[in-house]
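Colleague: Here's the letter readout for the chains.
Protein chains: 2
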Amino acid sequence: MKLVKQQTAQSTPLKEKTTTAMPTTRAKDPPTRRAFLVGATSVVGAAAAHVLLTPFLGNAADVTDDPTRVPGAPATEYGQRSPFERVRRLAKPQRSRTPLQALHGVVTPSALHFERHHNGVPRIDPSRHRLLVHGLVERPLIFTMDELKRFPAVSRLAFLECSGNSGQEWKGPRGTSAQEIHGLTSTSEWTGVRLSTVLGETGRHAEATWMLAEGSDAAAMTRSVPLDRILGEALLCYAQNGEPLRPEQGYPLRLLLPGWEGNTCIKWVRRLKLTSAPLMTREETSKYTDVMPDGTARQFTFEMEAKSVITSPSGGQRLPGPGFVEIRGLAWSGRGRVERVDVSVDGGKRWRTAALQSPVLPKCHTRFRTAWQWDGREAVLQSRCTDETGYRQPTHEELVAVRGTNSYYHYNAVQSWKIDEDGRVSNVQV
Amino acid sequence: MKLVKQQTAQSTPLKEKTTTAMPTTRAKDPPTRRAFLVGATSVVGAAAAHVLLTPFLGNAADVTDDPTRVPGAPATEYGQRSPFERVRRLAKPQRSRTPLQALHGVVTPSALHFERHHNGVPRIDPSRHRLLVHGLVERPLIFTMDELKRFPAVSRLAFLECSGNSGQEWKGPRGTSAQEIHGLTSTSEWTGVRLSTVLGETGRHAEATWMLAEGSDAAAMTRSVPLDRILGEALLCYAQNGEPLRPEQGYPLRLLLPGWEGNTCIKWVRRLKLTSAPLMTREETSKYTDVMPDGTARQFTFEMEAKSVITSPSGGQRLPGPGFVEIRGLAWSGRGRVERVDVSVDGGKRWRTAALQSPVLPKCHTRFRTAWQWDGREAVLQSRCTDETGYRQPTHEELVAVRGTNSYYHYNAVQSWKIDEDGRVSNVQV
Chain A
167 MKLVKQQTAQ STPLKEKTTT AMPTTRAKDP PTRRAFLVGA TSVVGAAAAH VLLTPFLGNA
227 ADVTDDPTRV PGAPATEYGQ RSPFERVRRL AKPQRSRTPL QALHGVVTPS ALHFERHHNG
287 VPRIDPSRHR LLVHGLVERP LIFTMDELKR FPAVSRLAFL ECSGNSGQEW KGPRGTSAQE
347 IHGLTSTSEW TGVRLSTVLG ETGRHAEATW MLAEGSDAAA MTRSVPLDRI LGEALLCYAQ
407 NGEPLRPEQG YPLRLLLPGW EGNTCIKWVR RLKLTSAPLM TREETSKYTD VMPDGTARQF
467 TFEMEAKSVI TSPSGGQRLP GPGFVEIRGL AWSGRGRVER VDVSVDGGKR WRTAALQSPV
527 LPKCHTRFRT AWQWDGREAV LQSRCTDETG YRQPTHEELV AVRGTNSYYH YNAVQSWKID
587 EDGRVSNVQV
Chain B
167 MKLVKQQTAQ STPLKEKTTT AMPTTRAKDP PTRRAFLVGA TSVVGAAAAH VLLTPFLGNA
227 ADVTDDPTRV PGAPATEYGQ RSPFERVRRL AKPQRSRTPL QALHGVVTPS ALHFERHHNG
287 VPRIDPSRHR LLVHGLVERP LIFTMDELKR FPAVSRLAFL ECSGNSGQEW KGPRGTSAQE
347 IHGLTSTSEW TGVRLSTVLG ETGRHAEATW MLAEGSDAAA MTRSVPLDRI LGEALLCYAQ
407 NGEPLRPEQG YPLRLLLPGW EGNTCIKWVR RLKLTSAPLM TREETSKYTD VMPDGTARQF
467 TFEMEAKSVI TSPSGGQRLP GPGFVEIRGL AWSGRGRVER VDVSVDGGKR WRTAALQSPV
527 LPKCHTRFRT AWQWDGREAV LQSRCTDETG YRQPTHEELV AVRGTNSYYH YNAVQSWKID
587 EDGRVSNVQV
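Residue numbers (our numbering), protein chains in the order written: chain A, 167 to 596; chain B, 167 to 596.
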């Protein structure tokens, strides 16, 4: 019933739009047109509808604007989006952020998947790319892409998140939009060969407990990861959303460690070395560690903890007016499935459980939705993710109480969006 | 063990490749390089590996070919695929086919989703697009795109298939590749509003048992569908794989009837009319009906029956030589989930059950895989899908025995791929 009221209210602006859009139609048959708008059925037959419809589909003064009157474009070999669509990544030289507030479902279009690189996106000829696997192995081997693709393949949907995502929020509400604050996370369907399959070829010494992975970008990005913790799920990926990896995602080959901080999922990977200890590279000592209040540093904080964000309404957007609003957002956890997402519209005093869109997959963005009737008064929207381990996304206060504010990485506190009486949405911390 | 043998065999061509690629390296340190290739570990330490690696990653004579030596490209607002990737749709003016043999997983990149249109792809300004819902409703209403997007949304992965897909095969093996024969099917994550939600706004008369849907393309594509059979799942979609629909998929709005022939999923939809009977449009009388052996026509054959195709190896490809092959393919059913896929390598005498890649979703492409050791002798590969209703994909003979060969639509027989001794793969019917 609320929905019906809201939709009825919505019909009013439509009347104004169509009136201004159709001077000729207005003159031509006011009673019939009016019949539509007041919703009477009597005079609205199929014929009348046919006659009336065209003006609604474009500017009646411009015939080419009626798509039924001109043949359309032919099929193409590789499609492009509509010229009317302008959504884009927020791009700086070494990173770009996904426009979460503009996307639907859970699959991020590859063209809008976030980027993070430390010395640019290399241009790699896949026929020349090689993967060296060496160190504490029985047989060091070098693989071509064709050889890797010939192994048994695995596909899975998984999110990636830069551990610096929303890091600016440690010190207070800094960002404005969901994209600016949380846009360093995306979800794709990844396809590749299991790391365990490749190591089955090289063999592995008993003391091989860690693995160094090195990229072939100009930063030669290098990280150490504990072997036994990753072997179950680690993939060497060559495809993303059906196609070969995009260049900014590591074309032609990347390591994927589902649920772990993006930086460990080495892109353009050219070398894997089995070792008996971490190699303490720059990116796991001076970077990608979390400085605690006492000055000590948390190191090797691999798993991205449960997090969520309301993407609509979200910062920078404006509600058209009171009435029905579907609150929509994304939740995820590096530890497994999203168990529950609670939503508050009063800054965390009361919570309701949102509906989760199936399928709910482990270590994958999960879409949540809940209905809200906005009364036009100030409100603060929040979402809170609980994952299958029972871990509950903390508030800003809870997170800072434990971690302090020296950290930059792994900020996963509840996001608060303030709705003003004029419908404007802004980033706050309550 | 087989896999190891195969991989060892595979390493041989690699030796030749790298040798020709690296004259300088060959001169520089033959013993160490040779150590890689024979697989001895003794002399291959991390340092040696570092020194050795660069030549393996490109042509040593061209420094800019070593991606670690030059800064890469900056982040971009909307990504593009690698210039080394050339896979494309097989495009004719009114249709284009998805390169199934080149894709991974189940999500079809929107740029490669098949197309079928009857008078081209219209260019539509979404701010001017309207949906009229009328006929046997209580309140005829016209909706803007903003109004439709404000309703509660639903997302789901679902395949689409043109009922003419592989129709040329009724009269014998005609096509050459998986793309040419089966490329009129694709899978996307679709997002939109339930048709039932929209009809909740207009109301519905008791005698409203059918619905006419009309597109705003230059063909004004129009079909009738039985209302009660579609209400459970029908969506009015505005998004595909996270982004707005692509123009060739019905931008800004299409009807999606999961599992039903693509032609009923009216694109660029501008009008829905509730009726008490089908309106017998051109596209459901002279077209999209199946002429039976006795000359009568099956009409309103909506559901796409269970089907599958091995995409690798497939027609036009060539196996590099005997050894390990992962047989990969796609299976789907318009009636629900894929229950099982059986694969034969001897033209259907013996069958093995393939592994299904999770998640296995209803009315969605499902990826199957099975390992095969090719002995280098002639072979005929087949896959056979059984869906959750127990329906089993028929052989060509079984299908023709029931339907004859007057039909063009709804061909879903088992596909046979012949492997010659030289590894070439071709389309046959056995």
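In short, the hints are calculated from the structure, not lab data.
Certain hints may be false.
Selected chain A positions facing chain B (Cβ under 10 Å, derived; list incomplete) [claimed, not checked]: (1) 234; (2) 238; (3) 246; (4) 260; (5) 262; (6) 317; (7) 409; (8) 490; (9) 592; (10) 596.
Taking lysine-lysine pairs in the DSSO-like style, the calculated list, with each CA pair at most 27 Å apart, reads [stated by the list, open to error]: (11) B:337 x B:258; (12) B:337 x B:515; (13) A:584 x B:337; (14) A:315 x B:337; (15) A:315 x A:258.
For each residue, glycine too, the CB sits at the ideal point set by N, CA and C.
Colleague: It remains to establish, for every hint, whether it holds in the given structure.
Modeller: Each hint, compared with the structure:
1. Interface hint status for residue 234 (chain A): upheld, as the beta-carbon distance to the closest one in chain B is roughly 5 Å, under 10 Å.
2. Here the hint on residue 238 (chain A) is kept, as its CB sits about 3 Å from the closest CB of chain B, short of 10 Å.
3. Because the beta carbon of residue 246 (chain A) sits about 7 Å from the nearest beta carbon in chain B, less than 10 Å, this interface hint is met.
4. Restraint check, residue 260 (chain A) versus chain B: the minimum CB separation of about 7 Å is within 10 Å; hint holds.
5. This hint holds: residue 262 (chain A) has a C-beta 4 Å from the nearest C-beta of chain B, less than the 10 Å allowed.
6. For residue 317 (chain A), the shortest C-beta to C-beta distance to chain B is roughly 7 Å, which falls under 10 Å, so the interface hint holds.
7. Using the Cβ-Cβ criterion of 10 Å, the hint placing residue 409 (chain A) at the interface with chain B is satisfied: the shortest such distance is roughly 5 Å.
8. Below 10 Å, beta-carbon pairs count as interface contacts, and residue 490 (chain A) has one with chain B at about 7 Å; its hint therefore holds.
9. Interface restraint check: residue 592 (chain A) against chain B, minimum CB-CB distance 21 Å, threshold 10 Å, status violated.
10. Checking residue 596 (chain A) against chain B by beta carbon gives a least distance of about 27 Å; that is not within 10 Å, so the hint is violated.
11. Among the hinted pairs, residue 337 (chain B) with residue 258 (chain B) is consistent with the structure: their alpha-carbon atoms are about 22 Å apart, no more than 27 Å.
12. At roughly 23 Å between alpha-carbon atoms, residue 337 (chain B) and residue 515 (chain B) fall within 27 Å of each other, so this suggested pair holds.
13. Pair hint residue 584 (chain A) plus residue 337 (chain B) does not hold up; C-alpha atoms about 65 Å apart against a cutoff of 27 Å.
14. A C-alpha spacing of about 35 Å is found between residue 315 (chain A) and residue 337 (chain B), which places the hinted pair above 27 Å, so the restraint is violated.
15. Restraint check for residue 315 (chain A) and residue 258 (chain A): the C-alpha separation of about 33 Å exceeds 27 Å, so the hint is violated.
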